[in-house]
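Listed in order, the protein sequences are those of chains A and P. Each residue of the first sequence is one higher than the one before, counting from 1099 in my numbering. Each residue of the second sequence is one higher than the one before, counting from 18 in my numbering.
Derived by calculation from the structure, the hints in this document are not laboratory data. Where hints are given, some of them may not hold.
[Said to hold, decoys possible] Derived pair list, reagent style SDA-like, types lysine to any residue, alpha-carbon separation capped at 25 Å:
# : chain 1 : residue 1 : chain 2 : residue 2
1 : A       : K1128     : P       : K169
2 : A       : K1128     : P       : I102
3 : P       : K286      : P       : D310
[Said to hold, decoys possible] Taking CB as the label site, the calculated pair distances span:
# : chain 1 : residue 1 : chain 2 : residue 2 : range
4 : P       : A198      : A       : G1171     : 34 to 42 Å
5 : A       : N1122     : P       : T269      : 38 to 46 Å
6 : P       : R31       : A       : R1165     : 16 to 24 Å
7 : P       : A320      : A       : E1113     : 29 to 37 Å
8 : P       : H356      : A       : I1110     : 42 to 50 Å
Using N, Cα and C, we set each Cβ at its ideal position, and we do this for glycine too.
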Amino acid sequence: MCLAVPGRVESIFAESGVRMGRVNFGGVIKNVCLAYLEEIAVGDYTIVHVGFALSRIDEASALQTLRTFAELGLLEDELAELKGGEDDALPEACAP
Amino acid sequence: MKHLSEYRDASQARAIAAEIGRIARQPWAIMEVCGGQTHSIIRNGLDQLLPPSVEMIHGPGCPVCVTPLEVIDRALAIAARPEVILCSFGDMLRVPGSRDNLFAVKAAGADVRVVYSPLDCLTIARHNPAKEVVFLAIGFETTAPANAMAVKLARQQGLTNFSALVSHVLVPPAIEAIMQAPGNRVQGFLAAGHVCSVMGWWQYPPLAARHRVPIVITGFEPLDLLDGIRRTVVQLEAGRAEVENAYPRVVTEEGNRAAQEVIGEVFTKTDRTWRGIGTIPGSGWKLSNAYSDFDAELKFAVAEIHTCESPLCRSGEILQGSLKPHQCPAFGRECTPRHPLGATMVSSEGACAAYYHAGRFLAHAETAPGAVP
Ligand code: SF4
């Protein structure tokens, strides 16, 4: 819950009046709530906790962090968590 | 660790560790508060790079680990009701309650779902109007903005079949409690960077001054952690006790104001019992009176539930830093991630699980197979 992969905002849209974005985490795309980062724009990098963008970070830092995570083998773990790939996670979890 | 050999900054990591060795003239005990940092330190063997004079004490900052047993038991009782869909972060499913865990209740037919974001619960509530959707809202300051927003939006969207079982915990009161505990050995803190990205670091200078303890706000990557430890040791050796922000690429002094506002609207401070530790005054958030109609505890009348911990589990000592996981007699025997006796063996952020996955089975950590060559 605390280690968070930086993601890149690919697009911004509104859902039920809430500012949302499609965020790319090393190839995994997730819908993320952008309500707490008014100033964030497409192309920016952000750190996301449980589906909410909470801080913006510059591209160089984001790429450096992604590289570090990949080298340490952490990226797969974190992406598995994002995809809900744990053995006890339920793929139907977010479906209607 | 095998990973450190693929890590391009490994030589820089070793250089910082060597520098710490040169600076440290006396033994120091430093606590990393956050479970994400514990995970990174143990997984990457950073503690084994440090000179023997610098000891890392693993703090209570694993949200899954400190969620009180009675909250798990209440979640289990709610999940067992036929009209309920219980939603939770995946980490919580294997956390042992007094008798069962959520995974077992689910296997027995309860509708328990893992969500990535609390907003998923609102979607589920909208699509299941005949059901009661209950979200197990736990965590530190990092998950609070999301959990608070879910409740706020549920009200805005008129979702009356959604409620939350809230058990939030806060870092600064935990630091305060650790410093006040009799027999405390902690002399410096690494504060959790992502918690500070939400709350800022303005709350820490009074703590550092009151307890004469350096607090360094630190990230999660090996170089961040080693640099945080180095800065803490520099302060300790110089007799300073200041707050330093070693994670400025993510953390500002004021934090995320918009998030703090919504948290302030939806939650209110409360005393909170930490599993294995006990009650810490003002150390949690619960739903504010204005949002009490979303309180699952009231909706399902589960406040009076009796609990009992496994008599073998010593996670209280682990969470307070007085025992290392591999020193627990049950570690790796009766207690494994598949069959955890305590919550610290469940989440990857828990100290027991971190030691288990890193292969730290021997009570003499220096000779553990996972040690950095
Ligand atoms: S190893 Fe298991 S039994 Fe021992 S303290 Fe950790 S969680 Fe509890």
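Hints versus structure:
Taking the CA atoms of A/K1128 and P/K169, the gap is near 22 Å; set against the 25 Å cutoff, the hint holds. Restraint check for A/K1128 and P/I102: the C-alpha separation of about 23 Å stays at or below 25 Å, so the hint holds. For the suggested pair P/K286 and P/D310, the alpha carbons sit about 18 Å apart, so the restraint of at most 25 Å is met. In this structure, P/A198 and A/G1171 meet the distance hint of 34 to 42 Å, their C-beta atoms being roughly 36 Å apart.
For the pair A/N1122 and P/T269, the supplied restraint of 38 to 46 Å is violated, since their beta-carbon distance comes to about 25 Å. For the pair P/R31 and A/R1165, the beta carbons lie near 19 Å from each other, so the given range of 16 to 24 Å is met. About 35 Å separates the C-beta atoms of P/A320 and A/E1113, a value consistent with the hinted range of 29 to 37 Å. A hinted range of 42 to 50 Å for the beta carbons of P/H356 and A/I1110 is consistent with their spacing of about 45 Å.
Comparing the model with each numbered hint stated earlier shows that hint 5 is the single one that does not hold.
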